[in-house]
Amino acid sequence: MVENTVKPGEILLSVEDISLSFGAVRAISEVSFDIKKGEVRAIIGPNGAGKTSMLNCINGFYHPQQGTITYKGITRSAMKPYEAAAQGIARTFQNVALFKGMSTLDNIMTGRNLKMKSGILASTLWWGKAQKEEMEHRRFVEDIIDFLEIEAIRKTPVGRLPYGLQKRVELGRALAAEPELLLLDEPMAGMNLEEKQDMCRFILDVNDEFGTTICLIEHDMGVVMDISDRVMVLDYGGKIGDGVPDEVRNDQNVIDAYLGGGH
Amino acid sequence: MSLRKFVLGALGVAVLAAPFAVSAPALAEESLYLPKLVYRTGPFAPGGIPTANGAVDYWAMINERDGGVGGAKVIVEECEFGYNTDRGVECYERTKKKHGGALVYQPYSTGVTYALADRTRKDKIPLLTMGYGRSDAGIGSAFPYVFPMALNYWGQSTGIMKYMASQEGGIEKMKGKTIALVYLDIAYGKESLPIFRTMSEKFDFKLKEYPVTFPGIEQKATWLQIRRAKPDYIVMWGWGVMNQSAIKEAANIRFPIDHFIGNWWSGAEQDTVPAGKAAIGYKSATFSAAGTDFPVIQDILTHVYGKGKGKGKENVGQVLYNRAVVTQVFIHHAILNAQKEFGVKSVSSEQLRWGLENVNMTDATAASLGMKGLGPNLKISCNDHIGGGGVFIQQWDGKKWNIVSEYIKPMNDLVIPAMEKSAAKYLKEKGVSAVSCS
Amino acid sequence: MFYREAGQFKSSYKEDQAVFPILQDRVGVGLMLLVAFIGIPLLTSEYFISAIMTPFLILALAAIGLNILTGYAGQISLGTGGFMAVGAFAAYKFATFSIAIGGAETTIPLVVTILLAGVVAALVGVMFGIPSLRIKGFYLAVATLAAQFFIEWVLVKFGWFTNYSPSGIITAPPLEVMGYLFDSPGEKYIFTLSFVAVMALAAKNLVRSHIGRGWMAIRDMDIAAEIIGFRPLHTKLSAFAVSSFFCGVAGALWAFVHLGTVEPEAFGINRSFAILFMVIIGGMGSIIGSFIGAAFITLLPIFLSNVPPMIGWDIGVDMISHMEFMIFGALIIFFLIVEPHGLARLWSIGKEKLRSWPFPY
Amino acid sequence: MEDIIFELQFFLEVLISGLLTGSLYSLVALGFVLIFKASGVFNFAQGAMMLFAALSLVGFQELLGVHWTVAFVMAIAVMVLLAWCVEKFVLGKLVNQEPIILFMATIGITFFLDGFGQTLWGSDIKVMDVGLPTGSFDMGGIFIDKLELVAGFTAGALVLALALFFNKTKIGRALRAVADDHQAALSVGISLRTIWIIVWSVAGLVGLVAGIMWGSKLGVQFSLTLLALKALPVLILGGFTSIPGAIVGGLIIGSGEKLAEIYIGPFVGGAIENWFAYMLAMVFLLFRPQGLFGEKIIERV
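Residue numbers (this note's numbering), protein chains in the order written: chain A, 9 to 271; chain B, 677 to 1114; chain C, 20 to 380; chain D, 2 to 302.
Be aware that one or more of the hints could be misleading.
Pairs of lysine-lysine, PhoX-like flavour, derived with a Cα cap of 20 Å [to be verified]: (1) K749(B) <-> K774(B); (2) K223(C) <-> K163(A); (3) K370(C) <-> K163(A); (4) K112(C) <-> K1104(B); (5) K1021(B) <-> K749(B); (6) K1101(B) <-> K112(C); (7) K108(A) <-> K155(C); (8) K147(D) <-> K953(B); (9) K163(A) <-> K372(C); (10) K176(C) <-> K884(B); (11) K1055(B) <-> K1085(B); (12) K1106(B) <-> K112(C); (13) K140(A) <-> K223(C); (14) K223(C) <-> K137(A); (15) K906(B) <-> K849(B); (16) K125(A) <-> K223(C).
It should be emphasised that the hints constitute simulated quantities derived from the structure, not laboratory data.
So here's chain A without its partners, still in its complex pose (with noise of 0.2 Å):
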């Protein structure tokens, strides 16, 4: 497991010229960029860019034939997902993936799991360090329960909650990870304004409270605009601007891309 502090202002990850196809379709060419610590990164492009991808290889799902991804200061080779979350990557998914046979406090408390290291015979007798140990995550469990807003869905498997909800528990099964840099992928897709708005103001304390690395997928370009520290603008898999918002908003190519480029 890496050990490596990085400062914050520090760049946490960077991707430095990676490709990746799934046999002859090319989803991301060539594209280089980085993340530095206590920021909010944004990536945006229209559908079919290569965003989920770049996601894909920074957390390990996918691995690119072509480049490298340096995190904390280690240049990896082909990685697991789960050596991934364990160096404190989470993420969440464009469309919900949660535990849907389970409560939203077990789904979170999934979230916990690397933190928790009773073996399998201890938890069979539930007495002592077991118990003592999940109560202890539940507490941190319901202190994210608390900061989202959704007490009242507790105890509810999450297949019966509405879409909105879903997207509330799997950010925080996220958070429940701790994780030093949180991919979000499209957290407002499907929601409306006010939702919209509660999930803003949740990324942007998440960020504030936890000092927590953010790097998200957005359509909303108004969202994006809003609460990003950087934004990078994928188009046909390549990388087409990069900067502050007002730069990108700006850029010729990313309004070409947006508004003229026949999508």
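Place chains B, C and D on chain A using the hints.
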């Protein structure tokens, strides 16, 4: 909607709780209770049906003709277990205390026999396994409640061996010959292995073993191997669907069918008829005769089928049917023994055990019970629960089974020491001591 | 009315996460244990104890084992019978293994024997669980059949496992724990019940711990589970191990306590199917469901075959057996249509109804 | 030299009879594939359907004394009726349920059919006589089982017929549409009910043909249902959705298990056929988790 679900749930609970309510009605009349574990369904039903019918019809005949045994009416109750060991055990537990207690069990399944060996010992109920079951259980002092009468698998193996030797003109002629042993690869099929291995060493013939995967539907590979090995004889330890499949395959590889000998569970009409022409000339061992030319079978036809009763007329006279009848005649004989000795009509299972240990089936007794020529003459004692049976070889002529050999006695010099050794091991593992027979 | 939780406040997470947070449940389970441990042995017949309760409990244990794998971890397995067989034969080998310590022959204590048998089954389970890392769903189910047939074959084929018994049938030693002989059906039942009660509680604890959450996560969405940090290898194999441990112990109990002697065929493919049916009918992902399912599958046929003679209807045992099959099949379909998520769900719906009874709202 | 020729000839004989046996397995597997392809149901009852169909055929022959062709037609009618009942009383009531539930329902059907078939026709063994040849003929020292040869041809013909049915007829094309996309099929006005009844009828017909072949070989009896277990490794190999896969899978499993039994079996004690087929399938799955002809699954999040 949901309330309906709840009601259904409650109904389910009621259904599950119902076995609590099972109770046994008491009977005041003098009676003899003979529960019969049967398998009229499942993969072994073709063999299970005639054996069950034989037993049930016999007692129906006794009740009709004589009004029971020695004045006590015989109550036969079937319990279906589908050749499934745990259902067999359930049947045993369900029936053992009914009608004042079961007298004897005859499961016709090796698995159930093994599972019941301990239980019957504890409950003091005899377990009559005529022609099957534990080969070592013939040692009465080790298995006081198990009666593998007639001959066990080891004895039968030696009997078949002797027959093959006689065909060749003497046991020394077997030297250098190749014998293929085709067996169902479960407990039952494997019982004969050790004794064949011993004989192979002793008589210096080559033994080729061909296990057939349970239940023996597909045997192509086995028979291709046999074709290559070109054995002089094939001996088969099969049961159920395996048998007719094997007979057909033997015909396909054009093996001389009269050199193919099954054991006595591989030689019934159910095995040969489906095999069609391929089966003509096929031989098998037996300890009972087929056909209807016996007084006891005739009595069944008159007193049971003649009155429009009976379980299955097409089975009467078949190998398995007659064999079941033979077993019942021995039980009948044992009941008579016990009634005479203890002076009661409703004998207890413990008394029946005494009756079984004092079975002495001579020509005279057999004749008095209408079974002369149908089954073996046996003399059981406390230590010998086999009673010195032997084996016939029968042959299928396309219509019926005909006995083609003398009565062959087993090689007891090989069989008995092996039994004693195995029984001693059983006693040690179980931590029980042998009963005294003196 | 009778089943209301209102007014029962939890003042700590510990209370909230207790096995049975509701008072009525605690009382109910307490009563059930009381009945099971004292009532049944005292009040019911020997037939009921030895031919119904004991096998039912053992199969329920195996069903819990499979439920852990299939219901909680989402890996369908048809190798249950095989793992039970491993348990039974391992127990036999341990029980007949004696070492001479200080001149006297010493055997392994019975309880240890049975637990060790479970451990062996767990190891074998892990071995056959490895394909689950690549194979999923029905494909995996069929692949676990390889385990079923292979294990059966090995036990039949190699005499060492049966101490060279000529028929391949093993005979269990007497059940002696610390000098006390469990001999009568009642004693054997208590022996089984103790095992099953303790292990069911252990299973309940496991599935509500982080380990159980890992299994459920893998079941519900394996990719997401991996991304939030569950290692698929560990999670799946631990499910295989725990599940096989339970099945192994069940197998050992089946051989040692219930039947006394056992042949490999007793753990054949039909057994595997029967236990899978228990899990699905009872309810996947439910410990109590395993018991209900086992009750349904083992008791219903016995009940059905008892009914016609009880009401004096003489139609022949074969016909009863056929009808038993038909009714059984029809009931499975019926229950699936009424409640696809198993009898356990029906049970909890019932509880919810009772909660508001007699007022529907 | 003679030895080598003999060995070679023997190998050939093993291979040929393995392939022929394999085509008999394919016949059983085919019914599974048809139903899985069209409705996503893993039909556990295929073995029971085969027994039921064969029992009906023999039963009508015995009961009414009609020629086997008449009984054959009657048995088909029975299977269509069965398909209708399955749709009406089981599947129709379980629309949109998870696959595992549907699978479980087919288990219920299995129990019911096993009991029902035996209630109607009895559990005793019955001789199936539809004039199929028995015995073997000698082809240059290689014995070939006549019945299995017929079975092989039948399997081939059946696949051909099914391929024509699926590709050339309107109903067939509709079936394929359903297999590809239930919603789309519904939107072009194909009733799922009709489709299910047709598919189960066709699977029943395939079961009947398989039942005739196996029944002629073994007699019609309860053990035939156990053949379903032989079809499972075939399915894994071929993929659950491919008709050619069922045939190729059958051939591979058939020849594979025979070769293994004869050339590996003797070294480990024999009777390895059963688990070998499964092991073969499992090892194969490790390399191709979707089976020989199954579609590759790309995982996404």
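### Message
Going through the numbered hints above, which ones does this structure break? Give me the numbers in ascending order.
### Response
Nothing - there is no hint that the structure violates, so all of them hold.
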